[in-house]
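Residues per chain are reported as follows:
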Amino acid sequence: MIEIKHVSKWYGSFQVLTDCTTSIGAGEVVVVCGPSGSGKSTLIKTVNALEPFQQGEIIVNGISVGDPKTDLPKLRAKVGMVFQHFELFPHLSVLDNLTLAQTKVLGRGKDEAADRALKLLDRVGLKAHQSKYPGQLSGGQQQRVAIARALSMDPIAMLFDEPTSALDPEMVNEVLDVMVDLAKEGMTMMVVTHEMGFARKVADRVIFMDGGRIVEDTGKDEFFDPRGERSERARQFLSKILPH
Amino acid sequence: MFSDFDFDVIWRSLPYLFKEGMTFTLTLTAMATVGGIIFGTLLAMMRLSRFRWLSAVAGTYVNLMRSLPLLLVIFWFYFLVPYIGAWVIGSPTPIQVGAFWSSVITFTMFEAAFFCEIMRAGIQSVSRGQTYAAYALGLNYWQTMGSVILPQAFRNMIPVLLTQTIVLFQDTSLVYVLSITDFLGAASKVAQRDGRLVEMYVFAALVYFIICFTASRLVRVLQQRVAIVR
Numbered sequence: 082m083i084e085i086k087h088v089s090k091w092y093g094s095f096q097v098l099t100d101c102t103t104s105i106g107a108g109e110v111v112v113v114c115g116p117s118g119s120g121k122s123t124l125i126k127t128v129n130a131l132e133p134f135q136q137g138e139i140i141v142n143g144i145s146v147g148d149p150k151t152d153l154p155k156l157r158a159k160v161g162m163v164f165q166h167f168e169l170f171p172h173l174s175v176l177d178n179l180t181l182a183q184t185k186v187l188g189r190g191k192d193e194a195a196d197r198a199l200k201l202l203d204r205v206g207l208k209a210h211q212s213k214y215p216g217q218l219s220g221g222q223q224q225r226v227a228i229a230r231a232l233s234m235d236p237i238a239m240l241f242d243e244p245t246s247a248l249d250p251e252m253v254n255e256v257l258d259v260m261v262d263l264a265k266e267g268m269t270m271m272v273v274t275h276e277m278g279f280a281r282k283v284a285d286r287v288i289f290m291d292g293g294r295i296v297e298d299t300g301k302d303e304f305f306d307p308r309g310e311r312s313e314r315a316r317q318f319l320s321k322i323l324p325h
Numbered sequence: 003m004f005s006d007f008d009f010d011v012i013w014r015s016l017p018y019l020f021k022e023g024m025t026f027t028l029t030l031t032a033m034a035t036v037g038g039i040i041f042g043t044l045l046a047m048m049r050l051s052r053f054r055w056l057s058a059v060a061g062t063y064v065n066l067m068r069s070l071p072l073l074l075v076i077f078w079f080y081f082l083v084p085y086i087g088a089w090v091i092g093s094p095t096p097i098q099v100g101a102f103w104s105s106v107i108t109f110t111m112f113e114a115a116f117f118c119e120i121m122r123a124g125i126q127s128v129s130r131g132q133t134y135a136a137y138a139l140g141l142n143y144w145q146t147m148g149s150v151i152l153p154q155a156f157r158n159m160i161p162v163l164l165t166q167t168i169v170l171f172q173d174t175s176l177v178y179v180l181s182i183t184d185f186l187g188a189a190s191k192v193a194q195r196d197g198r199l200v201e202m203y204v205f206a207a208l209v210y211f212i213i214c215f216t217a218s219r220l221v222r223v224l225q226q227r228v229a230i231v232r
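Chains as they are written, first to last, in the numbering used here: chain H, 82 to 325; chain B, 3 to 232.
Derived by calculation from the structure, the hints in this document are not laboratory data. One or more of the hints may lead you astray.
Once the Cα atoms are required to be at most 20 Å apart in a straight line, the calculated SDA-like pairs of lysine to any residue come out as [what the hints assert, rightly or not]:
#1 H/150 to B/132
#2 H/155 to B/144
#3 H/213 to B/132
#4 H/213 to H/197
#5 H/86 to H/142
Derived Cβ-Cβ restraints for the label pairs, each shown as a range [claimed, not checked]:
#6 B/227 to H/250: 29 to 39 Å
#7 B/61 to H/193: 42 to 52 Å
#8 B/96 to H/213: 55 to 65 Å
#9 H/191 to B/169: 34 to 44 Å
#10 H/191 to B/131: 46 to 56 Å
#11 H/135 to B/68: 35 to 45 Å
#12 B/129 to H/310: 37 to 47 Å
#13 H/235 to B/20: 40 to 50 Å
#14 B/225 to H/116: 42 to 52 Å
#15 B/129 to H/206: 22 to 32 Å
Quick caveat: nothing in here was measured; it's all calculated off a predicted structure. Even glycine gets a Cβ: it sits at the ideal position worked out from N, Cα and C.
With the rest of the complex left out, here is chain H (with noise of 0.2 Å):
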């Protein structure tokens, strides 16, 4: 489903992402942690070529992300995003941030758009909230229309940045139990995220990046495995995450 072949990446003379290999199964969770600046968040967005990279190849579907021929927004429709902070669009209410995409790119009419958006309000449990405007959401609220947002577009795959580390500690889990329902449905998902709680429960790899390289990329009993063999850093990163 997803494919990503020796990227490498720079800012400037600042490189980022240095030969990062995986590819992610259709129906697989990929749960991507790393300490701060280790180019998680980079990897993720360039997968629907939010981030250009200057080497490698990324192969969505069976579409070359990098290709200049390639039909871009056509390609991000199906893919979903997630973003840490959230990212709805403050002007319109949360039913139209639902429907404004899918009358766009996908030419849905407006009733279609607004049965699919609401069935996913309600999947979300925030349909009552459907004419309210971000703003007067909680953070867990807003995230939870940004799933659904997501959603709407009927994607082959969604990718989460971050998702719950803007939220409030009360509002992490009404989040994560929405992606935990997604994920045991069989969405393909790649999640760069800190809940540990979450990469145990569905994830089904684990790949931990440091200093922008893929450290290690194994299954999830290994990684928690804790007489497995772990890389020096990846010991060290997750002792400090792991309660004690």
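Chain B: place on chain H using the hints.
Only chain B this time, still in chain H's reference frame:
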């Protein structure tokens, strides 16, 4: 000391002052504001474009317009536009656009440079994440601008845009050099015809003051109304 003054002249000339003069002043203000904001927004998008030559062209235009006195631009357009028009369509005689359209074109082009800088600040006031989010949903550049960025930029900048419109409203009085009768022009004519300079100019000042003061008050009220809840 007011015994020598004849304030009745104001009353007698009211229909002329407002029906002829103020109508023109407001028409020009409205047309130049709408045209200037549209053209200015396009200029702002060019200035922020990642294509260097586009932003260079827009940047040059804006800096040029902002470095010239408005009066000079008015003359310049009035005398030059007919020749440029003739050259463009290959006509042997200058194209007559008339004082009215010449003033509309001039003010639109001139104000666009100022509206451009306002809209540029407005676009930059919308966080980069909004563009990312719109792109991630599959919207293209024009859809992202039209549905996501510009509505927010515009709303953030409404107070400044209206303040600039008030300045524009005052600047329109410069059309007297094209012998167009705007509000101030009409007042001048009456003043000179009846020899009532003081009365008419005091009255004109008062009208400008009342309109501009009321408008800037309205801007303040509006500012609180349109703020986006965050």
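So, going through the hints one by one against the coordinates:
no.	hint	result
1	H/150 to B/132	violated (25 Å)
2	H/155 to B/144	holds (15 Å)
3	H/213 to B/132	holds (19 Å)
4	H/213 to H/197	holds (18 Å)
5	H/86 to H/142	holds (14 Å)
6	B/227 to H/250: 29 to 39 Å	holds (36 Å)
7	B/61 to H/193: 42 to 52 Å	holds (44 Å)
8	B/96 to H/213: 55 to 65 Å	holds (59 Å)
9	H/191 to B/169: 34 to 44 Å	holds (41 Å)
10	H/191 to B/131: 46 to 56 Å	violated (27 Å)
11	H/135 to B/68: 35 to 45 Å	holds (38 Å)
12	B/129 to H/310: 37 to 47 Å	holds (43 Å)
13	H/235 to B/20: 40 to 50 Å	violated (60 Å)
14	B/225 to H/116: 42 to 52 Å	holds (44 Å)
15	B/129 to H/206: 22 to 32 Å	holds (27 Å)
The earlier numbered hints that this structure contradicts are 1, 10, 13.
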